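J.: Those protein sequence lines, which keep their order, are chains A and B. Just so we're aligned, residue 1 is where the first sequence starts under the UniProt record's numbering, counting upward by one. Just so we're aligned, residue 1 is where the second sequence starts under the UniProt record's numbering, counting upward by one.
Hints listed in this document are in silico derivations from the structure and should not be mistaken for laboratory results. What you are looking at is a predicted structure, and each value in this text was computed from that prediction instead of being measured. Any given hint could be a false lead.
[To be verified] Just some of the chain B residues that point at chain A, by a computed CB distance under 8 Å:
hint, residue
1, Pro-187
2, Gly-191
3, Gly-243
4, Leu-305
No residue lacks a Cβ here, since even glycine has one placed at the ideal position from N, Cα and C.
Next come the chains, spelled out residue by residue.
There are 2 protein chains.
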Amino acid sequence: MEKATMPRNLLEKSSRILLVSHVQPDGDAIGSLLGLGLSLRAKGKSIVMYNEDPVPASFAFLPGADLIVQDAGDISRFDTLIVLDSGDAERMGNKAAELKKIPAILNIDHHPSNTEFGTHNLIDTDAASTTVMIWRLLKEMQWTIPGDAAWGIYTGIFTDTGGFRFGNTNTEALSIAAEMTACGVHPETVGTNILGSYSFSYIRLLQKALASIRLCADGKLATMTLTRAMFEETGASEEEASGLVNYARYIAGVKMAVLIREKEEEAVLPWKVSMRADKDIDASAIAVAHGGGGHRAAAGFSTALSPDAILNMLENQIQSQRL
Amino acid sequence: MEKATMPRNLLEKSSRILLVSHVQPDGDAIGSLLGLGLSLRAKGKSIVMYNEDPVPASFAFLPGADLIVQDAGDISRFDTLIVLDSGDAERMGNKAAELKKIPAILNIDHHPSNTEFGTHNLIDTDAASTTVMIWRLLKEMQWTIPGDAAWGIYTGIFTDTGGFRFGNTNTEALSIAAEMTACGVHPETVGTNILGSYSFSYIRLLQKALASIRLCADGKLATMTLTRAMFEETGASEEEASGLVNYARYIAGVKMAVLIREKEEEAVLPWKVSMRADKDIDASAIAVAHGGGGHRAAAGFSTALSPDAILNMLENQIQSQRL
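My request is simple: use the sequences and hints to build the entire structure.
T.: Dropping the structure here:
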């Protein structure tokens, strides 16, 4: 409770507030900015919503998205910085050092790795999204959630729960989503904009990515290989590739899905290997043995081994873990 | 309100109840059977849950799914029939005529086309799913929703709203979903079982289907061609192909997506053409001109034209409709 009353005092006293979320923003980063930023603005606060990177096209439909700036101007004029959905201060991007000079820093986040870099820290690793925490804060302050802010809150929940499919989809997340629809959010509009439209270049990249899937170790291991040539041939962007590996991960029986990705030209270790494993496999042990790191369930490393050699190595590793 | 009190009296008086849902059951058909059937059983009623077709594998994880029978036995022993999610009595399947002899028939459905064939009819075309209507009925009767029944209610909402993405996703649907998670439903388990697992044969068929996509008429027309050889080479089933055309339909800018599918060997008209068009295109006019039929937005026909000739014809049609 103490942690939750601190931001209340801070927010009531603050008058010139800069809100920032992490670079390469996802739905929770954009949704948090809009959910809290537009609520503060409705309370008469002077706010600027800032992200170093532009709002991705799939989130441009959100009310207020056009207010998010990539240049915060003279930073000395702000009395308070609110950092959203960012595990550490560096996730703010190139201006992090300058931004940290703002006198009061409220850090609102749900990542387990959060470094509590703020002068005030509101961290809940059980929250389904950072926008869930913003909803709680607004409720505690007895502020009405403006209709435009509701879209951001809904979107953060929608994207961080994988469209209400991941394990963090809980009663609170669904209840808040329901409340946001009562505030005017259209779930179909959110779903269609964020998930429901493909570029033809994405379809072509997906086709090549699927053709690259190799299933081995008795169907327990699935690898997907993305080369630079695939991006060149299809015209797809790096951003469009972000969810592709799920097609390997969700093949029935697969215990470890691996994305093997070719790096920029002339890299010393040209392949980046990202592993997603279920509870029976320790991906971090494999990563550490190849100079990488991560967690048991999600780990990675870079290597000069060829994709074929990587596959053989992983197959041996899985067999040595006796799965 | 009158319509809602009728089933209350009926359900309280009934003691030997047969519940049935439509053939080729989807999530709402199975979920309705389980949501109401298991609730009635918890109230001490003698119930049989029946569907002419087996429970699809993706719904077999639902508590009580193993209680759904494909043979209802001697039908004369039932005093009440509850027909769920079925627009007309024939949707019950081959036994429809016999089932209609049961003295009291409670028809619970949300399809606009419902023929009100029951002795008691509870129809709400605004309900997101039939399980939403079952939830309302249980609430009105002040019955506690058993944990096992909650899974069925959640599943009907989840599938009929397209996983909370379609236009029928509203405050009520999300609120009930939230309440069902509080009753013990795990959204991730539902999502993973119903949507989140692919067979490798499906992945291989998807890859071939994507490779077959052709985009023409300035990106307004997308065709996907599925041949018999693709099924033979991949080992995928007809059932697995059902949603593939959505990959063509949801390409940005596409106004008409067309699935061109090769029929069984030795068909006189070997290609079946299914069109899904947005509001600017009249697909039924094209279908009728080729001896087929359907609606403006969804229509089809069979033809001896080759896939290339079909594509050319469709391209000309779209251009003649001046789009």
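J.: Now, for every hint given, state plainly whether the structure supports it.
T.: Structure-based check of all given hints:
Taking 8 Å as the C-beta contact cut-off toward chain A, the hint placing Pro-187/B at the interface holds, the least distance being around 4 Å. Proximity of Gly-191/B to chain A holds as hinted, the smallest CB-CB distance being about 3 Å (cut-off 8 Å). Taking 8 Å as the C-beta cut-off, the interface hint given for Gly-243/B is violated, the closest approach to chain A being about 13 Å. With its C-beta approaching chain A no nearer than about 25 Å, Leu-305/B sits outside the 8 Å limit, and its interface hint is violated.
When held up to the earlier numbered hints, the structure conflicts with 3 and 4 and fits the remainder.
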